[in-house]
Amino acid sequence: MQLTSRIFVAGSLMAMSLGVNASSFNLEMGNDEQGNSSSAVAVDISMSTKRDFLIGAGSTEVPATSTTLNSNFLYFGLRNQVSNSTSVTGMLEFSGVKGSFTMTSLSVPIRSSNDNGYFEFSPGFRNIRLTTTTKKQVLTTSTALGVKAGIYAGKHLRFGGSYFTYGYTRDVSKLSSFFATRYFNMDTLQLSSGLLKNLFSIDAGLDFEKFSVSVGKNTSISAIDNTTTEYVYTTLDYYISDRWGVGLLFGKYLNTPADQDNYTSVNLNYFYD
1 MQLTSRIFVA GSLMAMSLGV NASSFNLEMG NDEQGNSSSA VAVDISMSTK RDFLIGAGST
61 EVPATSTTLN SNFLYFGLRN QVSNSTSVTG MLEFSGVKGS FTMTSLSVPI RSSNDNGYFE
121 FSPGFRNIRL TTTTKKQVLT TSTALGVKAG IYAGKHLRFG GSYFTYGYTR DVSKLSSFFA
181 TRYFNMDTLQ LSSGLLKNLF SIDAGLDFEK FSVSVGKNTS ISAIDNTTTE YVYTTLDYYI
241 SDRWGVGLLF GKYLNTPADQ DNYTSVNLNY FYD
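First residue of the sequence shown? That's 1 in our numbering, and the numbers climb one at a time after it.
Listed below are the simulated DSS-like cross-link pairs for lysine-lysine, each with C-alpha atoms no more than 25 Å apart in a straight line:
hint	residue 1	residue 2
1	K174	K197
2	K210	K155
3	K197	K217
Keep in mind that the hints were calculated from the coordinates and are not lab data.
Bear in mind the structure is a predicted one, so any value in this text is a computation, not a measurement.
Based on the provided sequences and hints, a complete structural model is requested.
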C-alpha cells in the first residue's frame, strides 16, 4: 500500500538535483512482486520566480480477496518563496476508494535551504472516512508531523533523512481485531491497513552534471497492528538534455518472503520555461 509514495523518490531527486524554478512534468510507473502496481503524473507550474503551482494524480492497483482494488489520489499545492532561503507550501490531497476508505489531507511544509543543506518542517491534518458493511460512515481525524533535513558535502555528495509521526482521534488498532470484520468489508480493512504510526527514512547520493545516483532505506510502523516494514532502494537518474531526464528505481523489501521482495519503477521528466 505504499508503492505510490515509493516510486516518487526518483522524480523528487531529479527535481532537487536541477534545483531551478523551471516548470516540470513527471510521469512514473512502478510495480512490485506482491502484485501492486502504480502510475502517477505530477506537474510543477512556475508562475513566477517566487510562486509555483503543483498538481498531481495517480492510481495504485492492489490485489484484494476477490478482485483488484484501484486506489486513486489527486493533489493540489501552492509553493511560495517567502525569502531567498525559505519557502512555504500549502498541499491538499484526496485519496482512497469511494465507498470503502477515503482520506483528505492538508499539509504546510516549511523549508529553509542554503548552499550547505536544507531543513523542512511539515505539519499536517487528515480527515479519514471508513464505510461499514451497512454503508454508514465512520470518521476519524489524524494529525501528522514531519521533519526532513539534508546536507551537501563538497560539490557532489549529499545526505538526507526524515521522520514522520501520526496521531489518531480513534483507536485505529481495533481495525485489526476479529470483530472489525463484522462491521467493515475486506476492501475497507485492506485499504486502512496502510495507516502508519511512524515513518523514518535515510538516504545518500552523488550528483553530477549528466546523472545522479542515490541509495536509501525507509522504515514504517503500522498504526493498525504495530508491525514494521523496511525496504531499501537505489535510484539512477540521467539527464538527456536541459529539458529531458529519465530515472530508474530498484528496491527490495527486507521482511517479506524471498519471492515477493522486489519492486521497480521508471520515470520520465520534462522541464520547460
